[in-house]
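Please work from the sequences and hints to get the whole structure.
Residue numbers (this note's numbering), protein chains in the order written: chain A, 1 to 250; chain B, 251 to 583; chain C, 584 to 874.
Any given hint might turn out to be false.
Quick partial rundown of chain C residues pointing at chain B, CB under 7 Å, derived from the structure [what the hints assert, rightly or not]:
| hint | residue |
| --- | --- |
| 1 | 620 |
| 2 | 668 |
| 3 | 686 |
| 4 | 694 |
| 5 | 747 |
| 6 | 751 |
Below, in silico cross-link-like pairs of lysine-lysine (DSSO-like), each with a Cα-Cα straight-line distance of 30 Å or less [to be verified]:
| hint | chain 1 | residue 1 | chain 2 | residue 2 |
| --- | --- | --- | --- | --- |
| 7 | B | 264 | A | 142 |
| 8 | A | 151 | B | 264 |
| 9 | A | 151 | A | 193 |
Among the chain B residues that face chain A by a calculated CB cut under 7 Å, a handful are [said to hold, decoys possible]:
| hint | residue |
| --- | --- |
| 10 | 452 |
| 11 | 467 |
| 12 | 469 |
| 13 | 525 |
Hints listed in this document are in silico derivations from the structure and should not be mistaken for laboratory results. Think of the CB as a built atom: it goes at the ideal place given N, C-alpha and C, for glycine as much as any other residue.
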Amino acid sequence: MASPLVVRDLSKNFGALLAVDGFNLDIRSGQVHSLIGPNGAGKTTVFNCISGFLRPAGGQVVLNGRDVTAWPPYRLVAAGLARTFQITQVFSDLTVLENVALGARSRLGRNLQMWPRAQSEAQDRAYEVLDMLGLARQAGAKADHLAHGDKRVLEIAIALALQPHVLLLDEPTAGMSPGETERMGELIRRTTKHASVLLVEHDMEIVLGISDEITVMTQGRVIASGPPDAVSRDPLVRDAYLGALDAEAL
Amino acid sequence: MTTDVWPDRASAIKTEVRTRRITSLLIFGGAALLAMLPFAGIAPFTITLLTEAMIFAIWAMSLDLMTGYTGMLTFGHAAGFGLGAYAAGYFAREVTGDFFAALLVCELVVLSVALAIGFVTTRLSGAAFAIVSLCIAQVLFQIAVAWRSVTEGMDGLVGVPLPRIFGVTIHNGREFYLLTLLVALMVYLALRQLVASPFGRTLSAIRTNADRAAAVGINVALHKWLVFVIAWAVAGIAGTLMVFMKAGTTPMSLYWVESGNVLIMAIFGGLGTLLGPMIGAISFVFLRDALTTGFAVWQLAFGVVFVIVVLVFPSGLAGIVSLLRMLLWRARS
Amino acid sequence: MDLNFLFVNILNGVVYGSFLLLTSLGLSLVFGLGRVVNFAHGALYAMGGYALIAVMHAGGAGYWLALAVAPLLVIPMAMAIERATINPIRHRPDVDTLLVTFGLSSMIVGAIEYVWGTGTTLLPPPSPFTGTVDVLGNQYPLYRLVAALVSLLVSAGVFAIIQFTPMGLRIRAITDDPGMAEALGVNIKRLLTLVFGFAAGLAALAGALGAPIFAIHPEMGMNILIDSFLVVVLGGLGSLTGSAIGAFFVALTKSIGGGYFAEWSTAFLFLIVALALIVRPTGVFGQGRVA
Numbered sequence: 001m002a003s004p005l006v007v008r009d010l011s012k013n014f015g016a017l018l019a020v021d022g023f024n025l026d027i028r029s030g031q032v033h034s035l036i037g038p039n040g041a042g043k044t045t046v047f048n049c050i051s052g053f054l055r056p057a058g059g060q061v062v063l064n065g066r067d068v069t070a071w072p073p074y075r076l077v078a079a080g081l082a083r084t085f086q087i088t089q090v091f092s093d094l095t096v097l098e099n100v101a102l103g104a105r106s107r108l109g110r111n112l113q114m115w116p117r118a119q120s121e122a123q124d125r126a127y128e129v130l131d132m133l134g135l136a137r138q139a140g141a142k143a144d145h146l147a148h149g150d151k152r153v154l155e156i157a158i159a160l161a162l163q164p165h166v167l168l169l170d171e172p173t174a175g176m177s178p179g180e181t182e183r184m185g186e187l188i189r190r191t192t193k194h195a196s197v198l199l200v201e202h203d204m205e206i207v208l209g210i211s212d213e214i215t216v217m218t219q220g221r222v223i224a225s226g227p228p229d230a231v232s233r234d235p236l237v238r239d240a241y242l243g244a245l246d247a248e249a250l
Numbered sequence: 251m252t253t254d255v256w257p258d259r260a261s262a263i264k265t266e267v268r269t270r271r272i273t274s275l276l277i278f279g280g281a282a283l284l285a286m287l288p289f290a291g292i293a294p295f296t297i298t299l300l301t302e303a304m305i306f307a308i309w310a311m312s313l314d315l316m317t318g319y320t321g322m323l324t325f326g327h328a329a330g331f332g333l334g335a336y337a338a339g340y341f342a343r344e345v346t347g348d349f350f351a352a353l354l355v356c357e358l359v360v361l362s363v364a365l366a367i368g369f370v371t372t373r374l375s376g377a378a379f380a381i382v383s384l385c386i387a388q389v390l391f392q393i394a395v396a397w398r399s400v401t402e403g404m405d406g407l408v409g410v411p412l413p414r415i416f417g418v419t420i421h422n423g424r425e426f427y428l429l430t431l432l433v434a435l436m437v438y439l440a441l442r443q444l445v446a447s448p449f450g451r452t453l454s455a456i457r458t459n460a461d462r463a464a465a466v467g468i469n470v471a472l473h474k475w476l477v478f479v480i481a482w483a484v485a486g487i488a489g490t491l492m493v494f495m496k497a498g499t500t501p502m503s504l505y506w507v508e509s510g511n512v513l514i515m516a517i518f519g520g521l522g523t524l525l526g527p528m529i530g531a532i533s534f535v536f537l538r539d540a541l542t543t544g545f546a547v548w549q550l551a552f553g554v555v556f557v558i559v560v561l562v563f564p565s566g567l568a569g570i571v572s573l574l575r576m577l578l579w580r581a582r583s
Numbered sequence: 584m585d586l587n588f589l590f591v592n593i594l595n596g597v598v599y600g601s602f603l604l605l606t607s608l609g610l611s612l613v614f615g616l617g618r619v620v621n622f623a624h625g626a627l628y629a630m631g632g633y634a635l636i637a638v639m640h641a642g643g644a645g646y647w648l649a650l651a652v653a654p655l656l657v658i659p660m661a662m663a664i665e666r667a668t669i670n671p672i673r674h675r676p677d678v679d680t681l682l683v684t685f686g687l688s689s690m691i692v693g694a695i696e697y698v699w700g701t702g703t704t705l706l707p708p709p710s711p712f713t714g715t716v717d718v719l720g721n722q723y724p725l726y727r728l729v730a731a732l733v734s735l736l737v738s739a740g741v742f743a744i745i746q747f748t749p750m751g752l753r754i755r756a757i758t759d760d761p762g763m764a765e766a767l768g769v770n771i772k773r774l775l776t777l778v779f780g781f782a783a784g785l786a787a788l789a790g791a792l793g794a795p796i797f798a799i800h801p802e803m804g805m806n807i808l809i810d811s812f813l814v815v816v817l818g819g820l821g822s823l824t825g826s827a828i829g830a831f832f833v834a835l836t837k838s839i840g841g842g843y844f845a846e847w848s849t850a851f852l853f854l855i856v857a858l859a860l861i862v863r864p865t866g867v868f869g870q871g872r873v874a
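And the structure:
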């Protein structure tokens, strides 16, 4: 059975700057795979290359056995890939329900439908997702009015409504309190029932707590990859993080 | 089935249906009222102004679809309007004044041009798109001026006959007014259906955050292209009505000032509401008539008010849409 | 093939190109620095022309004095407008400043029409350049060449300022990277207002210089505004050399093409711009999108 997501030899440059070089990744079905590294390591670039927001300079992205390299985002969604954003980008004008319904509608292939039918089906599905994530009570509220933590959950709800095989989460716990972070961790583990997860994170506790596998990046390259305990003991990894810590201290 | 999942759903649907029924009632009531005006002793000149206002309303609603709902600001919306006017007018004069035939020809021309041009220009967004739209309209303006053999240049197309529907001639004044009113109503209803549909919801998403919309599986480029074409097509309808009303047209119907006028109408009336631009169009026509003596003052005053409106709404264009949405939302609950 | 006809058209193109360059530079500078698309640029051009005749008629001054004074009148006005209407909203999306400047354009043109009426005023070429001069066997109005020369000199001056002065360096840095402003400790608000005023001065100068050639009427700035947009689209925004090449390309296409194909040449020009955008769909106003 094909791996949900395989990335081979991915590279990306911005002019003379080589942001990502020879990046490899293989996610196994139903797993949480975390991507970590110091700031500027190229994690977001990798994310953007996989999710169609940047065109890779080289390499391949294979989704469920299909080569989807450089596909535009909307095609990737149809192929079963969904992502969230580091900076919360919910549709602030719309209600919470409407936000998720957008995803559901996309999944139902109804985006081009010009007559008002069966929106209710999309809204039903949206409500189910919200219920699963504990946001059902706020379905009618304007997305803008949610607390920060709830907005991050909404981001995931929208992505889940797309029923992806692979879920890309870009720093889902950014700006969250410890309690919210824990809840998010549980939530992410729960989603593995339906999808495989690739996670970019800074919070080491979460990463070590919920990941099945961790890939460590620094300066555009992978320096370690494996289960959490192996990676956390890896001297190269300690070096990279300690090195980064030292630089910050200076 | 799903009532247990979503307990508030039943009441939410009831309110939605009720609001829609009330709005529909108001619309049809308003239309009926307007239809009765010529028979109620209203001055013929006022009827003429109202006819013009209705034509502009159709035009402004098409702009609202593109700018208010999808967030595509354009300074060249005179393009579809003027192009439609020339196509319909030329056909009516050379072949037949049958209204539907002229409308068909108009749409064939407008759609082909919009499909081709839209494919290229909708790849842009924001200021770039707005300005390129202006340039497109200017091209058409230049062609209208240059192609004297067809358009008669700056003198304009004249001699367009009265329109005929099923062989019956529609005369100026009351008859044409009723025709325009009917078309305006139909356009409004059609557009209202469109924005309430999944397609319409997707447009709102694109306006709010196009990148995010893409990440939700929306083919943004395709949607923008379709909206562009639809907006031009509806503008073409307005153009067809206009060319019959004025028995002709000039290149000025493609000029940037016209594009600015329809933008003003839509913005003042209220973007993102469909009815707003209609109200804006009516206000514009009557205000302009009242102030024609001091045309320069008109342009100056408009400029000032325009600037103030854009400045005062904290989130600018988006803010006007959100504010109206919020007010309507509050009114609903 | 009438070579004289072609030659005169080329000359006309070069003359117009010099003016176009002057206005395009201003447009490009303001956008590069503040991401503001100044729709009112054409109105400021017109303002220059009207300030000129105001000084000449009301002040009784001669042309050359009025030419020097006119931009000086327009600059503070433009700076005040910028402070009041554009600066407050510069963090909003581009389209908002576009709308505001559109409104300003309407306002300024309306004000001009209110004060001076809607008619066209013709201004004779100023002495001592009233006659024609023989250029390769053609009689060509001398003033046009003089005005073109002045435009080119001023443009060169602008280039020099941008390339060789510390202020110019700051402007270029911020144009490349808006975040640089803080790093350089620059008061960006003040700089934006200054550059806006400067650009307005360039436009006003162009308007005043061109008055004896192109006639004065309230809408005189519109055509050159649209052409300036074309120049900036083709030449690349914030790029002064691009503006230079673009300005002459547009001007020559219009005048040579115009001589043989009338207004079709303008349509053709817009077509080229559209094609340029297909090739560079990342947009010329720096709004590249992959998705």
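Worksheet item: Out of the numbered hints, which ones does the structure contradict?
Response: 5, 6, 13
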